[in-house]
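For the protein sequence lines, the chains are A and B, in the order given. Position one of the first sequence corresponds to residue 186 (the numbering used here), numbered consecutively onward. Position one of the second sequence corresponds to residue 16 (the numbering used here), numbered consecutively onward.
Don't read these hints as lab results, they were simulated from the structure. Just so it is clear, the structure is predicted and the values come from calculations on it, not from any experiment. A virtual CB, placed ideally from N, CA and C, is assigned to each residue, including glycine.
Derived DSS-like pairs (lysine-lysine); straight-line CA-CA distance at most 27 angstroms:
# : chain 1 : residue 1 : chain 2 : residue 2
1 : A       : Lys404    : A       : Lys330
2 : A       : Lys270    : A       : Lys330
3 : B       : Lys118    : B       : Lys99
4 : A       : Lys189    : A       : Lys270
5 : A       : Lys330    : B       : Lys19
6 : B       : Lys19     : A       : Lys404
7 : A       : Lys299    : B       : Lys118
8 : A       : Lys187    : A       : Lys270
Heads up, incomplete: computed chain B residues facing chain A, CB under 7 angstroms, no partners named:
#  : residue
9  : Lys19
10 : Asn72
11 : Met74
12 : Cys76
13 : Pro88
14 : Pro149
Which residues of chain A face chain B? A partial, calculated answer using Cβ under 8 angstroms:
#  : residue
15 : Ala218
16 : Glu302
17 : Val361
18 : Gly429
19 : Pro431
20 : Ile507
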Amino acid sequence: MKFKSQRVAYLFFATSLLLFSLQIVFGFIMGFAHMGYDVLHEWIPFHAARASHLNLLVVWLLSGFMGAAYYIIPAEADREIWSEKLAIVQWAALVIVGVIAIAGFHVGWWEGRKFLEIPRPLDYLVVVDVLLFVFNVGMTAWNGKRFTTTGMVLLLGLVAAALLYLPGMITFDSQVIDSYFRWWVVHLWVEGVWELIMGGILAFLLIELTGVDREVIEKWLYVIVGFTFLSGILGTGHHYYYIGTPEYWLWIGGIFSALEPLAFLGMALYAVTMARRGGMNHPNRIALFWTVGCGVMSFVGAGFLGFAHTLPQVNLWTHGTIITAMHGHMAFWGAYAMLVLAMISYAMPQMTGRKLYGGWIPEWAFWISNVGMLGMTGAFAVAGIGQVYMERRIGMDFLVVQDAVSVHFGGVVLAACLLTLGILMFIWNFVQYGLPSDEAVTGP
Amino acid sequence: MLSKSQARWFFVGGTIFFFAIFLFLTVDTMREIPMRQNSAALTDSAIRGKHLWDTSNCMGCHTILGEGAYYAPELTQVVERRGKEWIRIFLRDPEAMFPGQRKMQQYDFTEEQITDVIAFLEWIGGIDTNGFPPEPDLRPASMPAVATTAGPTPDYFGTVCIACHSVAGTGGTVGPVLDGVGLRMTRAELDRWLADPQAVKPGTAMPNLALPDSTRNELVTWLVSLR
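Taking the hints into account, I'd like the entire structure generated from these sequences.
Now the structure itself:
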């Protein structure tokens, strides 16, 4: 790494991996409950596990994005982080808010608003924390020696993500309006501004790992994030088909969300083409694996599987079924989980000066976790298709259908074991790297 | 070939253009929602019900308007499907209705709170959702009702009892089939059973429904005629 203060990213990466592990634990609790073994019902009922699973995901990804930004923004701006101390304070605040939130879910301190379960008082702390973060990386970029497209797109994504958290904090009496603005946060995050963050991080990784000319990579970055907003903003309409909003959302949402896979196809082609053009000869092959894998799997999960049930004619039947879980798992994994893991794989040797990317462990971690996630997606798909036909089309009773598809949750749990093994290997490799070292600082 | 500045304009211009359309549609949607959302039923009670819905994180297991988790049934049309009385009994003790099956939290709601939750669900059921949830289109043609000597099915049986018991092939599978129950039990036995199932058979999964005398009499009269 060029600057000493970039090491602060390590704190965020370590936090990410810890929370990811915890997220998987809650996932297992729910998987077993779906199989009929809700043995923890008295202590961790399903909705507590569910709220924890979702919010741990959001927090570990945000923590990963913050770590990535603290690494990338100084590199792009060509200077130290504006205040390393503030970064550490902001990290500690994030951890404290996260711990309170997850503990709160277990004593019923929450709001039943999917993905935004954190209660309002904590929301304000989240906002303060994110403002501190944005201020810190913003000042770093503002006082930087250079302004790069990669840095600016990443920063724009982070600022926009912070702003878009606000519509989710307004209180409404109507469930319809409440839901309408909840999607402003959730959809415009994951299918909007988070893709800016994704594009920015991918561009940085591709520049560093492939050696392809920055101008070429950044030009296509604009094209891809351009497609993201062209399709993704009005694509929000696919959440407005059946919640009490006007009928015109059926065709507006249908058309624009059908275009959404293009942005992810762009990400996939982008990563693959640039990697090939660079000749795939960077020594940190495993970071390149995760980078290219992220582009490809985001297309499979977010693009292709999203398209599979986004048209209103299909969604009428699949809306609110396990099909959504099928798409959700693969999409978050491909687009955002793999992105953070790519960033960690790239940054660790740079921060510690140790080159531990060559062995079989990191490579197998990549393949095993991906096969595990594909298996889970397949099992969710079979359960979901069964549910749609039996419950929605034939009209069988909910519990009878759940009983019939519970066997596929055995498949989900088995595949999740593979995923867990892969992630444990990744974490093992991460621990082996040790802490960031001052000797690894190369200077500007 | 596309230049970098053209690419930038594509991004900036496209984003501003589509976000402007999105804002315009949002304003229009906010204008339309009051006409589509069954506003007359959005009473203070329903709003209190929404608050209970949120603070209990019901969406952590159920879906409503198709949004939430997939562990428990979709509730958009639940008042139409089950009836208010069924929901009230269920919320008093969720496990009484489906003993030994997937569990729901016991929230210990007061009767007023249950009224509020039902008002909320009733409001939701009246929203114009563009046809969600759809009617099952592959449902087998319903079987002709088995001829019984019994009179018309009491409302209470059709909404509450039927969740667990079946008659003439329709109903739940939690409790025993009640075809011919009039041959197996006398009027007095049925009456005692419905008044307090635990007293007759300790440990039974059948809940004490605390029926008013008139409803119990109506049910018993009808049940003994099932022969």
